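S.K.: Now for the letters of each chain:
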Amino acid sequence: MARPSGTAAQRGIFYNLRRNIAAMLDPEQSAKPARAVRRERTPGPMLAPLAARDDDDFETRLRGLLSENSEGALLAGRVNVIGLKKVKERFGAEWDRFAVRADRIARNTIERHLTAGDIYTSTLGFAYIMVFAQLSPDQAKVKCRLIGDEIAKSLLGEGDGALIEVKTAVAQIDGKIAFQDVLLKEVLATSLGDDKDLELVDEPAPRRPVQAPDGQWEPIPAPARKQNVRGAQADLLDDLRFVYRPMWDQSRSVVSAYYCVAQVPLADVGDARGDAETMTGDGGERPRLDVLTQQRVIADLDDLARASRKLFIVLPVHFETLSAMARRREYLRVLREQTNAEMRKLLVVEVVGVPQGVPQTRLTDLVGPLKPLCRSVVLRLPLESADFSNIKGSGAEAIGADVAGRADAEFVLMQHMNRFARATAKAEFPCYIHGLRSISLVAGALGAGFGYIDGDAVASPVAHPRGVVEFRLADLYRSFIKS
Amino acid sequence: MAKILVIDDDVIVRETIVQILEDGGHQVVSAEDGKRGMAAFRSERPDLIITDIIMPEQEGIQTITEIRGVQPNAKIIAISGGGRIGNTDFLKIARHLGAFDAIAKPFDPDDLLNRVGRCLNGH
Numbered sequence: 001m002a003r004p005s006g007t008a009a010q011r012g013i014f015y016n017l018r019r020n021i022a023a024m025l026d027p028e029q030s031a032k033p034a035r036a037v038r039r040e041r042t043p044g045p046m047l048a049p050l051a052a053r054d055d056d057d058f059e060t061r062l063r064g065l066l067s068e069n070s071e072g073a074l075l076a077g078r079v080n081v082i083g084l085k086k087v088k089e090r091f092g093a094e095w096d097r098f099a100v101r102a103d104r105i106a107r108n109t110i111e112r113h114l115t116a117g118d119i120y121t122s123t124l125g126f127a128y129i130m131v132f133a134q135l136s137p138d139q140a141k142v143k144c145r146l147i148g149d150e151i152a153k154s155l156l157g158e159g160d161g162a163l164i165e166v167k168t169a170v171a172q173i174d175g176k177i178a179f180q181d182v183l184l185k186e187v188l189a190t191s192l193g194d195d196k197d198l199e200l201v202d203e204p205a206p207r208r209p210v211q212a213p214d215g216q217w218e219p220i221p222a223p224a225r226k227q228n229v230r231g232a233q234a235d236l237l238d239d240l241r242f243v244y245r246p247m248w249d250q251s252r253s254v255v256s257a258y259y260c261v262a263q264v265p266l267a268d269v270g271d272a273r274g275d276a277e278t279m280t281g282d283g284g285e286r287p288r289l290d291v292l293t294q295q296r297v298i299a300d301l302d303d304l305a306r307a308s309r310k311l312f313i314v315l316p317v318h319f320e321t322l323s324a325m326a327r328r329r330e331y332l333r334v335l336r337e338q339t340n341a342e343m344r345k346l347l348v349v350e351v352v353g354v355p356q357g358v359p360q361t362r363l364t365d366l367v368g369p370l371k372p373l374c375r376s377v378v379l380r381l382p383l384e385s386a387d388f389s390n391i392k393g394s395g396a397e398a399i400g401a402d403v404a405g406r407a408d409a410e411f412v413l414m415q416h417m418n419r420f421a422r423a424t425a426k427a428e429f430p431c432y433i434h435g436l437r438s439i440s441l442v443a444g445a446l447g448a449g450f451g452y453i454d455g456d457a458v459a460s461p462v463a464h465p466r467g468v469v470e471f472r473l474a475d476l477y478r479s480f481i482k483s
Numbered sequence: 484m485a486k487i488l489v490i491d492d493d494v495i496v497r498e499t500i501v502q503i504l505e506d507g508g509h510q511v512v513s514a515e516d517g518k519r520g521m522a523a524f525r526s527e528r529p530d531l532i533i534t535d536i537i538m539p540e541q542e543g544i545q546t547i548t549e550i551r552g553v554q555p556n557a558k559i560i561a562i563s564g565g566g567r568i569g570n571t572d573f574l575k576i577a578r579h580l581g582a583f584d585a586i587a588k589p590f591d592p593d594d595l596l597n598r599v600g601r602c603l604n605g606h
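As given, the protein sequences belong to chains W and D, one line each in that order.
Sequential numbering from 1 applies to the first sequence in the working numbering.
Sequential numbering from 484 applies to the second sequence in the working numbering.
Chain W on its own, in the form it takes in the complex (with noise of 0.2 angstroms):
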């Protein structure tokens, strides 16, 4: 195929351009050539007709674009990078569940992006480049840096937009490109000028502090104390592992679900881990731990899937984070874009931590748009919870509770279960209950009437589920019958 022309300069740009991106995104990738990144295995449903598709029509269209541009200033503000390093080094050990997915997210966000003449390609490294046919160097930073605000919600819940690394190329030396980081506070300052009427703040400006009578002490302000608080969550998030705890349906005789639990490590405990749900407390964290889950869960629905495995996955998901309308509507876009048909038949959604007593709509508006993205919603409650009148109606297929962590004696927790499931029965509900760390425990549960059952005493946790697994009562006391 014969080569555009071009000039020199240009032609020297196209044929360096991805490399010298990819060097500067991740050094490690930069030593293998440059490639585009593989494909997922099935077409995604965006797939936008203007992308490239390959290096020759990117290069092809890249010439024709800045060909427009007088020459010296042929690349400044027009070539923009997005980078996913940042969360790649995030997800640590993670990354290669998450990898392929990703990729994808952010091909179709990027693809929802583009308008006719737009291009764009990708490197080894997870670097996407840019170059938007119609807009100035200050706007295609500010649409660069929404993608990238984009991307990251999608990928890691909210406010983590700085994990996603948008760069604009600003210069031209020694033949290579140089780039600088787009910071939409200062873009917008740019674009705005002297408007007053737009303040552009990071932070709240600091509080003078209070000043004691005698002098002695000095409270911290109430903002530093609560970026603490939320500092340290952000450290425990960032050490996220994703097990499935087995959850044996005794009226089948088999494991037939995996209920996906993130843990963070114990702290002074070695490599002992705990639930993130319980250490995440209610600081605020909670939606992001859910997008976190959400992803894992997504990625391995997709293998499943793919692996025409018959099993379900329980993808938990707090009340909190469905009850803010914005939030919500991000969550079920996340899975209405990232599942088909396939990976819904195997998920069932569990709304965690429902108050006692919530009014019925309000149980119809979160369960109700969940429902046509998953085999089944289910919700869990207080163990003390007595009445479920309120969820009648709801959509809600299930009652649960979860008793992990929970320091009550068994007796008292029995007694608990006793009740709550003849709460649900009365209410015509089927019940599950999580966490049980006994056997006796597990026993109680089967007589109270439980038909899910999970916890250290029925399996321990697994990396990844594994099937359906024939499991009998027999199979409970199996250390017994062997001595």
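In case anyone wonders, no lab produced these hints; they're calculated from the structure.
Nothing here was measured: the structure is a model prediction, and the numbers come from that model.
There could be a bad hint or two in this list.
Now the in silico label distances, taken between C-beta atoms and shown as ranges [said to hold, decoys possible]:
no. : chain 1 : residue 1 : chain 2 : residue 2 : range
1   : W       : His464    : D       : Asp594    : 48 to 54 angstroms
2   : W       : Ala409    : D       : Pro592    : 28 to 34 angstroms
3   : D       : Lys588    : W       : Ser251    : 18 to 24 angstroms
4   : D       : Lys575    : W       : Pro359    : 32 to 38 angstroms
5   : D       : Val494    : W       : Ser253    : 46 to 52 angstroms
Here a beta-carbon is modelled for each residue, glycine too, at the ideal position from N, C-alpha and C.
Fit chain D to the given chain W structure using the hints.
M.R.: Relative to chain W, chain D alone:
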């Protein structure tokens, strides 16, 4: 007359069984869960143990296993019931692990005394 240990977390059921057995002329000691039942077994050395299956702290199957570990020829009757699911599987396992008999709740007092008699006589 025999010394019988009754282990059941349900105080009403436990006291009812104690009353039936005492009326039948037996000496009875009782415990409210498997752990306390094991302690009573070690200290009292009963001729027969009647244990519930579903109990806190240590349920009946594990208790039967431990008793058999201490005294392989111990005479044990397992009882279970009261839940929303059938208890036949629990009782099958109890028999498999060495319980002489297995009784589903609710039971008839005369039937209980007959089974206790058969167990003590080794029939």
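S.K.: If a hint holds in the structure, say so; if it doesn't, say that too.
M.R.: Hints versus structure:
The supplied range of 48 to 54 angstroms is met by His464(W) and Asp594(D), whose beta-carbon atoms lie about 51 angstroms from each other. Taking the beta carbon of each, Ala409(W) and Pro592(D) are about 32 angstroms apart, inside 28 to 34 angstroms as hinted. Roughly 21 angstroms separates the CB atoms of Lys588(D) and Ser251(W), a value that falls within the hinted 18 to 24 angstroms. At about 46 angstroms, the CB distance of Lys575(D) to Pro359(W) disagrees with the hint of 32 to 38 angstroms.
Against the hinted window of 46 to 52 angstroms, the Cβ-Cβ separation of Val494(D) and Ser253(W) comes to about 33 angstroms, which falls outside the hint.
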